[in-house]
Amino acid sequence: MVSRRSFLGHGCSLGVAATTLTSSMATLGFARQAAAQQSFSDYKALVCVCLNGGNDSYNMLVPVDSDQHTEYESIRTDLALEQSSLLTLPGASNDGRSYGLHPNMSETFDLYGDSDIAFIANVGTLIDYVDAAAVEAGARVPLGIGSHNDQIAQWQTARPDKRVPEGWGGRLADLMQGVNADNGISMNISLAGTNAFQSGKRTVEYAINRDGDGARRIWGYEGEWKKTIIDRLFEAEHDHPFRREYKRRLVGAIDTGERFVEAIRNGTPVDTTFSEGDFSAGLRQIARVIAAREQFGASRQTFFINVWGWDHHDEVLDNHVRMLPEISLGLAEFKSALIELGVFDQVSTFTISDFGRTLTTNGKGSDHGWGGHQMVMGGAVRGGQIYGDYPTLSASSPLDVGRGVYVPTTAVDQYFAELALWFGVSQTDLPLVLPNVRRFYSASDTSPPLGFLA
Amino acid sequence: MLTHANRKSIVNRRFRPARGAVAPGSTAIRRVVTWLSVWAVGALLIGCGGGGGGGSSAPASQNTAAPTITPLIQAQPTESELNAASRFASRASLGMNYDQIRALSIKGHDSWLEEQFALPVEYHDEMVADLIQRTEDGEFDEATQPDPDVLPFVFRRYVWWHRALSSDDVLRQRVAFALSEIFVVSEVGGLGDTERALPNFYDVLLARAFGNYRSLLRAVTLHPSMGFYLSHVNNSKADPDNNIYPDENFARENMQLFSIGLYKMNPNGSYQYDANGDPIPAYTDDDIREFAKVFTGLSWGGENARFGRKWANYVVPMEMFDEYHEPGVKKLLNGFEVPAGQTGMEDIEDAIDNIFNHANVGPFIGRQLIQRLVTSNPSPEYVGRVAEAFADNGLGVRGDMKAVIRSVLLDPEATADPGTYAQFGKLREPILRIVSIGRQFHIQSTSDYFFHGGYWFQNQLRQHPLSSPSVFNFFLPSHMPAGEIAEANLVAPEFQITTNPAVIGISNLAQHMIWADEIGGVQSPPFGEMSVNLHEYGVLATDVQGLIDRLDMVLTYGTLSEATRDAIGATLVTIADPVERAKWAIYLFLISPDFAVML
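Here the protein sequences line up with chains A and B, keeping their order.
If you count by this note's numbering, then the first sequence holds residues 369 to 822, one letter each, in order.
If you count by this note's numbering, then the second sequence holds residues -10 to 588, one letter each, in order.
Derived by calculation from the structure, the hints in this document are not laboratory data.
There's no promise every hint is true.
[Stated by the list, open to error] In silico DSBU-like cross-links for lysine-lysine, where the CA-CA straight-line distance does not exceed 30 Å:
no. : chain 1 : residue 1 : chain 2 : residue 2
1   : A       : LYS569    : A       : LYS412
2   : B       : LYS299    : B       : LYS391
3   : B       : LYS96     : A       : LYS412
4   : B       : LYS253    : B       : LYS299
5   : A       : LYS530    : B       : LYS391
6   : B       : LYS253    : A       : LYS569
7   : B       : LYS226    : B       : LYS96
8   : A       : LYS530    : B       : LYS96
9   : A       : LYS569    : A       : LYS530
10  : B       : LYS391    : B       : LYS253
11  : B       : LYS320    : B       : LYS96
12  : B       : LYS391    : A       : LYS732
13  : A       : LYS530    : B       : LYS299
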């Protein structure tokens, strides 16, 4: 149980608690605010791992049965991984077939064997279910299919029909920020600066760095002299309401930064060793924030971390050998840290990426596609399984809109709805977070959308 | 001038006890500098004419028709005249230093406006195209950062900063930026993946900023970047058998955001209400569908033009392909009907006329220009006067942007003494605060360019030109921050991006720019490095009150609060070295609420 007092009790150097974005839940523009009023007796976190650029995930999770692997090889040609190199996942999938992992993802293979990680197959942005024929006939499809910016935005906003700035993590926080202590630190914490996922109408992410103690602070404020002159400047009273508001925000931000640093320093130390890469370092910082959740007065948090460089038009095979292990290793390290902290059941980590890529080759790599495979890890995850439908690979697949670009068979809305429900959003509030969810998941459905979370 | 080594030693000596508090040498700064070089943000140049911010000057005044008679001995402007000029400059320019403010005061605001109207346009896209050509010619080494494969995608940002920091046509650049926040296209959403789509669009705004609004709306409508952004490029006539209908995206946003707004307005911008007290919509969904029909048949222009071509061309207007244009009558606003049997372009011209002549345009666009340039909450009377100028420039011409701009900037409400109207004022936009720091403090470059990638600024500020997260700009004109501002029923759009990280970010950016001589300027190989020059203020700093007075004139035009003045003064008297004293004075001014909010 989180004690909010423990946080609020810390002295604020400037005496103003200033959250400008979270203090007025009463003004939330939602019709329903049930969730905003409720509180949780437990802690939960969602960690969104963004593989930016469009991971060629049909080479991350690959059919190993001979007939489908042969089909895979005939379509992918020079991009195909050899059958014998794949790490064959234990057990048959729900379609009765066997699948294998990229050979450089041994940690993920182990996580799968321990039932701590699951895959969601061929998931992507959809306005409604379609197949290639429907697309050909002009059915509505997401804006900017194949466009990085549109697609990575839609994975975050869950609004494939519209370009909006708010993401579903931001909508979560608009709904739920009130369950955390009102200390000016957003429920949504970003290791990647501004992002759509965590932007709401009333909420923005609190951006931190992966090194040091994370918070964005006035340079030098920790020094006595600088603190004195800054504090003196902001003791001044102002006649104009805009100047007063600006002062409140800046003073509040300074104070928040200082409190963030104090909180994270007072959190339980994280002893798990992380490797040196940026991804691991970012996950380590997330683990530190989670370790300080009581100091933050947080019972719900989201985290966003970006891994750049997945747009492999070129050298996809070599790049995967280099990059997939960083993800695999980072996830395993993160699991160790969360187990150390005793919260592995309470943190669900999931990947997103712009799109899958063309199954066919351009001679060097692959181009922009649509559906792709994602991973979700956590103690609450019913791992060791593949959810959704892995398409039967075929040159004449009814899902193929050309060049081996497969229409998604599972919508991001289903994927995210399962995460949101687990996080504590009620079935009735779900459309506030995922506006299009009812196209894919009925309000009267008593079973979860995909079933990957307990 | 002090040498670099001398400065360091002074810093270390004076502030040793608080060294951690001083920017130089902090790890944060080193990180930033590393980041800058990685992203090649920076910039540039010295040398070229006009470097150092010497802005508009004599040659231009000779080109204007305005009857300026320059006496041999100038009258010394009074303090209140200088403050008025400084205030005017904060709205009509991208930032002026003391000498420029003084020159403006002597010239007179009206004359300065006419001079600016007559200056040649400093376009963006031609410079981008030239840089791309130089890249293709192999001028830039593989080892540069970003490498030559990436550089062309960064040039449009380089050039925006170059113009923002060094152009002479400051009014035009200022107004074009304001227009870019009304007629929004953005690199977010795909246009950032092309080299020239955005600078070419920006040129449309620059070219027509002082023209006629109808011409502006037409050019925006036909620009391929807008066609891509609001998806009316390759928008075909209906095919009911296949359940395909014209895309409504542009049709809707064009009315909602670019021209008339959601609700019917009175000439002073106030809404018209029905018997139930609800505002009356300016258009219906049916109207949107009718306009959507009008905007069918457009595809990329240029060589090998054909409808539906995948290959985009962002540097020529979209072309009409009549066989893909929806035939038939279209019922537009105010009962106007586009007759059947016209060509697609005839339909579009009629539709633009229909919108252009709608009574909402003057107050709707006029109010937003006031908000971008002058104040967040203009009175209905002020909006009404600007709308009048839109309706008739005095010579019977509707939509004359020069008349609108004159009206916005010279209105009695805008020029009344600060404090005359309690609700008057606006928060400066963060990106314009950064620009003004450069301009007001003599930014110099070691090359011929004032280039900058701006990624770091964007990361810190949540704002960068042509990078809005959606067509709704970085902030909404109607944004009311919760708390006392909303309670007073005031809007304050810029507060929408004034987040915790952003207010810290801009304060640290100010620090970085002020201490650039010690921690390094903004660098961007192969284009050199930029930094401000504070010599002028180092000289003034022997007198604390004199220094504060000057900064109050240049930055806050006499609106510095007494309490802030006292706080800054109390700090400055503890600093003996005049250069350091000047730096801290500027830093404290720049992060103060007094500078952030222009009254």
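Hint-by-hint comparison with the structure:
1. LYS569/A - LYS412/A: Cα-Cα ~22 Å, so holds.
2. LYS299/B - LYS391/B: 39 Å, violated
3. LYS96/B - LYS412/A: Roughly 64 Å between the alpha carbons, so the hint for LYS96/B and LYS412/A is violated.
4. LYS253/B - LYS299/B: 39 Å, violated
5. LYS530/A - LYS391/B: Outside the cut-off at roughly 35 Å; violated.
6. LYS253/B - LYS569/A: 26 Å, holds
7. LYS226/B - LYS96/B: Outside the cut-off at roughly 55 Å; violated.
8. LYS530/A - LYS96/B: Outside the cut-off at roughly 49 Å; violated.
9. LYS569/A - LYS530/A: Judged against 30 Å, a Cα distance of about 16 Å means the pair holds.
10. LYS391/B - LYS253/B: Judged against 30 Å, a Cα distance of about 25 Å means the pair holds.
11. LYS320/B - LYS96/B: Answer violated: LYS320/B to LYS96/B is near 51 Å, above 30 Å.
12. LYS391/B - LYS732/A: 54 Å, violated
13. LYS530/A - LYS299/B: 22 Å, holds
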